[in-house]
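Keeping their order, the protein sequence lines are chains A and B. Mapping of the first sequence onto the numbering used here: position 118 corresponds to residue 118, and the numbering continues sequentially without gaps. Mapping of the second sequence onto the numbering used here: position 424 corresponds to residue 424, and the numbering continues sequentially without gaps.
Don't take every hint at face value.
[What the hints assert, rightly or not] Covered by chain B, according to a simulated footprint, are these stretches of chain A (three or more residues, beta-carbon under 8 Å): (1) 57 to 67; (2) 129 to 136; (3) 206 to 213; (4) 229 to 235; (5) 316 to 330; (6) 340 to 348.
[Unchecked claim] Selected chain A positions facing chain B (in silico; Cβ < 7 Å): (7) A77; (8) P176; (9) A180; (10) L268; (11) S333.
[To be verified] From the structure, some residues in chain A lie toward chain B, with a derived Cβ separation under 8 Å: (12) G35; (13) H38; (14) G119; (15) G150; (16) W158; (17) A194; (18) R267.
Simulated from the structure, these hints should not be mistaken for laboratory data. From a predicted model like this one, the values you see are computed outputs, not experimental measurements. Yeah, the Cβ is synthetic: ideal placement off N, Cα and C, and Gly gets one too.
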Amino acid sequence: MRQHDRDSSEAGVAAEALLAEAGHDRVAVLPVGAGVRHRRPEGAWDGIPWISTKFQSIRRWAVPDFSVEADAGLTMASLNAELAGRGQWLPAGTPDGGADTLGGLVSAGLSGVWAGGYGLIRDRILAMTVATPAFGVVRLGAPVVKNVAGYNLWRLYWATHGAFGLILTITWKLAPLPRAAATLECAGDGPGLAAAFAEARRWRSAANAWAALLLNLRGPRWTLAGVAHGGDAHVERLRRELGATVQPQGDLGAARAQGCPVAWQARLPLAGLPPFLEWIARSGAHGLAELQSGVVWGFRDSPDPQRLDEVAALARQHGGSFRSLSEPWPAPSVPAAEGDMWRRLKASVDPQGVLPALGGDAEGKR
Amino acid sequence: MALIDDLRRAAPRGQVRSEPALLRAYAQDGYTLAAVEPRAVVWPASAAEVAAVVRVLARHRVPLVARGGGTSLSGGATPVGGGVVVHLSRLNHILGVDTDAAIAEVEPGVVNAWVSQAAARRGYAYRPDPSSQQACTIGGNIGENAGGPHCLKYGVTLNHVLMADVVWADGHESRVGSLSGDGEGVDALALLVGSEGTLGLVTRAWVRLLPLAEADATVQAVFDTVEDASRTVSDVMAAGIVPAALEMMDQLAVSAVERGQFRVGYPADLGAVLLVEVDGLAEQVADEAAEVQAIAARHRVRSVRRAASPAERTLWWANRKTAFGAMGLISPDYYVQDGVIPRSRLPEALDAIGQVGRQRDIRIANVFHAGDGNLHPLLLYDGRDPKDVQRVQAAGHEVLDVCLALGGSVTGEHGIGVEKREDLAHQLTESEMAFQRAVKAAFDPLDLLNPGKIFLP
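Whenever a hint applies, use it, and build me the whole structure from the sequences.
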C-alpha cells in the first residue's frame with residue numbers, strides 16, 4: 001500500500017473535519033464555488049457550506065509534462081493567466097467568460113467553446129483529490145496522461161454536484177498555446193438557418209479541425225465564426241478559400257457572448273443540431289453553438305429565458321442532454337434500471353447522507 | 001448437467017461447448033503466465049441471448065468471463081475465478097456508420113480494425129488503435145479502455161465511446177451514455193469503460209468517429225543513443241507540437257522486428273528509433289514535420305527523414321506494430337509490461353529498467369509510446385525453465401515499482417487483470433482500494449462478473 005494514506009494539505013484536513021462534523025451532527029454539507037451559476041437549493045437549508053474558494057493554489061505544475069494540479073477553488077481564468085507565462089493553457093473557456101472555479105466546472109458539467117477543437121473539459125481531467133465521508137481524502141486517477149489502474153472513479157464527480165464528495169484538487173492535461181490564431185467571420189439573416197448551415201459545411205470541408213466553429217444566433221441574425229489555431233500560411237489559405245473577414249486578435253469575435261451570462265447548456269448529437277438550432281432561431285432566443293462538438297448555450301438576455309422546460313424537452317427529443325445553469329441545481333438523475341446499483345454506491349461513499357442527494361429517473365434523458 | 005442444459009435453453013441460436021480439449025484453449029488469453037480452464041464456453045447469438053445466459057448464470061451463482069479476441073495482455077479474459085466463458089464473437093456486426101452524426105454503431109465482437117476500415121472508406125477514422133487492432137474487439141477495447149499509438153493526440157477508448165447497451169450482473173439490461181457524448185445525471189458508461197468486464201457486459205456500442213486529417217506525415221529518426229532520442233521527444237512536445245503518434249523502439253526491439261516480415265532496413269548498431277507522426281492541414285503538417293526533423297538534428301540524430309510514400313509510411317508502422325510478436329524471433333518467450341511515467345522522466349525510467357534487467361540477468365527490449373510516457377518493456381525468458389519464469393515475474397513487478405517511484409501508474413492501457421493486482425495495491429492506498437471495491441460491490445454484489453480481476457482476494 002502507498003504509505004501517505006491521508007492528504008495532509010490544509011484543504012484536506014479542513015474537508016475531513018467538516019465531513020466528520022456533519023456526520024456527527026447529522027447535517028447536510030453544501031459545496032459552494034464562485035456562485036456564478038446555480039442558486040442554492042430553494043427553501044430552508046440549515047447545513048454547513050464547504051467554501052471551495054478558500055483554496056486557490058496551483059499545487060503542482062509539471063511544465064515539461066503539460067500537466068497541472070490546482071485547487072478546486074481556483075478560477076479557470078486565474079489558472080490560464082498563470083499557465084500563459086510558460087506557453088500553456090487549459091482550453092476550457094465558457095462562452096460568457098464566467099469566473100467559474102475549476103471544481104464548479106466539473107460539478108456542474110460545463111463545456112467550453114473549445115470542445116470541438118480540443119475535446120471536452122471532462123476529457124482533460126487526469127486525476128482528482130476528493131474528500132468523502134466513508135473513505136476520507138482519496139486520490140483518484142494518476143498525474144500521467146494514460147492510466148487504466150482500476151475504475152474511472154473521478155468520473156463520478158462530473159456533473160453530480162458533489163453527491164459523491166468534495167473536490168479538493170484537479171489534475172489537468174494541458175495544451176500548448178497556439179503559435180498563431182485568427183478568427184474568420186461571416187454573417188447573415190434569416191428566415192431559417194439553411195444558409196448558415198450551408199456555410200458551416202463549406203467551412204468544415206475547408207478545414208476539418210477548427211479550434212472552434214461557432215454559430216451565434218440572435219433573433220433572425222446569425223454570425224459564423226471559425227477560430228483557426230496554427231500558422232500564418234494556413235490562416236491565409238482559409239481566408240482566401242472562404243472569403244471571410246479575419247479578426248486579427250484570434251479572439252472569438254462577434255460570436256463571443258462576453259459578459260452575458262449563460263442560462264443553460266445543451267449537447268446535441270451532430271445529426272440533431274440543425275433542427276434544435278432552427279427552433280432556437282425561431283424562438284428569438286440568444287444562443288451559441290459549437291458546431292463540431294454539438295454543444296449549445298442559451299443566454300440570460302434572451303427575450304424569454306424562462307422557457308427552460310421547453311428547451312430541455314427539445315434537446316432530449318433530438319437525443320441530446322440539457323443542463324440548466326440558472327435554476328437551483330438539480331439532483332443528478334439516476335436511470336430507474338440502474339437505481340439499485342447507484343443507491344448502493346452512494347450509501348457506501350456517503351453512509352449518513354450528508355452530501356447532496358442523488359435524484360430519481362428523468363424520463364427521456366438519454 | 002442442469003447448468004449446461006439451462007445455458008442451451010438460454011442461447012438456442014448460439015452454442016454451448018464443454019469438451020475438455022476445447023476448454024483448454026480458453027484457459028488463458030494473451031497473458032500466458034496464468035491459466036484456468038472454464039466450465040463451459042457459450043457463444044450467444046444476440047444481445048437477448050447474452051442477457052438470458054447471464055440470468056441463468058446468476059441463478060446458478062456461477063461466475064462468468066466475457067471474451068472477445070482474447071488478446072488481453074493482463075489476463076483480462078482468463079477465467080481465474082472458474083465459471084463460464086461468454087464468447088461474444090458472434091455479435092460481430094457493424095450496424096451502421098453515420099457520417100452526418102460521426103458515429104458508428106457496432107456489436108462487441110467487431111474487430112477494432114474493421115471499424116477503422118469502414119470509417120476510412122467514408123473519410124472518417126476510429127482513433128483508438130491498439131497494436132492488436134487486427135484481432136482485438138470493440139467489446140474488449142471498452143472493457144480494457146484500450147489505447148494505442150494514436151491516443152497521444154486523440155485520447156483513449158473512454159473518450160470515444162458515446163453510448164452502450166449493457167447487461168448487468170443479474171441479467172437486467174439498460175442503455176448507458178448518450179449519443180451526444182455527455183448525458184445527464186450519473187454516468188455508468190464512464191465506470192464501465194476500463195472495468196475489465198467486472199461490472200457489466202456490453203452488447204452494443206456507439207462510438208465516435210473523427211474526420212480523417214487532410215494531411216499527415218511520418219518522420220523516422222535514428223539515434224545512436226536512447227538518451228538523444230528521449231531528449232528529442234521532450235523538445236518536440238516542448239515546442240508546442242502535438243503529434244498524432246510518437247513512438248520509440250530501442251536496439252534490441254529493432255533487432256527483433258528486423259528479422260520479421262516488415263523489415264525497414266534499420267542499421268543493426270542503432271541506439272533507438274523514433275517514429276513521429278503529425279497530422280492536420282497541409283501547411284501545418286509541412287511546418288511541423290520540418291520542425292521535428294530540425295529538433296532531431298539538434299540531438300545528434302544519425303539519420304532523419306519523412307516517409308516518401310504512403311507505402312513506406314505503412315511499412316514503418318507495420319514494423320512498429322508487430323514488435324511484440326517479433327520477440328518470438330529472438331527468444332522462446334516474452335513478457336510485455338505496461339507502465340506509465342511522466343514523459344519528462346523517460347531517461348531515468350529507461351536507466352532503472354536497464355538496471356532491473358542486469359540485476360535479474362534478463363534481456364529487456366523497449367517499445368513504447370514515448371509521447372505519453374507509456375512504456376512497454378519486453379522481458380525475454382524461457383518458459384520451460386520455472387526459475388526463469390519466477391525471475392521474469394519478479395522483474396516485471398520491479399519495472400512497475402520504477403514507474404510508481406517516478407510518479408506514474410502500473411498500467412497505461414493493458415489493465416490490471418490478474419497480472420497486476422498486487423501492483424495496484426502498491427499504487428493505491430487502503431482507502432482508495434476500498435473505494436474501488438465499493439464500486440464492484442454496488443454493481444455486482446455476488447461477485448459473478450470476471451471475479452479474481454483487479455482486486456486481490
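Here is what the structure says about each hint:
Counting residues of the region 57 to 67 of chain A whose beta-carbon sits less than 8 Å from any beta-carbon of chain B gives 5, enough to reach three: the coverage restraint holds. Judged by the Cβ-Cβ criterion of 8 Å, the region 129 to 136 of chain A is covered by chain B as claimed, because 4 of its residues qualify and three suffice. Figure legend: the region 206 to 213 of chain A, annotated as covered by chain B; annotation consistent (3 residues with Cβ-Cβ distances under 8 Å, at least 3 required). Judged by the Cβ-Cβ criterion of 8 Å, the region 229 to 235 of chain A is covered by chain B as claimed, because 4 of its residues qualify and three suffice.
Coverage of the region 316 to 330 of chain A by chain B holds [criterion: at least 3 residues with CB-CB distance below 8 Å; count 5]. Residue count for the region 340 to 348 of chain A with a Cβ under 8 Å from a Cβ of chain B: 5. That meets the three needed, and the coverage hint holds. The interface hint given for A77 (chain A) is violated, since its Cβ lies 22 Å from the closest Cβ of chain B, which is over the 7 Å cut-off. At a threshold of 7 Å, the smallest CB-CB gap from P176 (chain A) to chain B is about 3 Å, leaving the interface hint in force.
Violation of the interface hint for A180 (chain A) is found here, the shortest Cβ-Cβ separation to chain B being roughly 10 Å, above the 7 Å cut-off. Because the smallest distance between the Cβ of L268 (chain A) and any Cβ of chain B comes to about 6 Å, under 7 Å, the interface hint for this residue holds. Look at S333 (chain A): its Cβ gets to within about 3 Å of chain B, closer than 7 Å, so that hint holds up. Checking G35 (chain A) against chain B: minimum C-beta separation of about 22 Å lies over 8 Å; hint violated.
Interface restraint check for H38 (chain A): the shortest CB-CB distance to chain B comes to about 15 Å, outside 8 Å, so the restraint is violated. Because the beta carbon of G119 (chain A) sits about 7 Å from the nearest beta carbon in chain B, less than 8 Å, this interface hint is met. Checking G150 (chain A) against chain B by beta carbon gives a least distance of about 5 Å; that is within 8 Å, so the hint holds. Interface restraint check: W158 (chain A) against chain B, minimum CB-CB distance 6 Å, threshold 8 Å, status holds.
Given the 8 Å rule on beta carbons, the hint for A194 (chain A) is violated: about 16 Å separates it from the nearest Cβ of chain B. Interface restraint check for R267 (chain A): the shortest CB-CB distance to chain B comes to about 4 Å, inside 8 Å, so the restraint holds.
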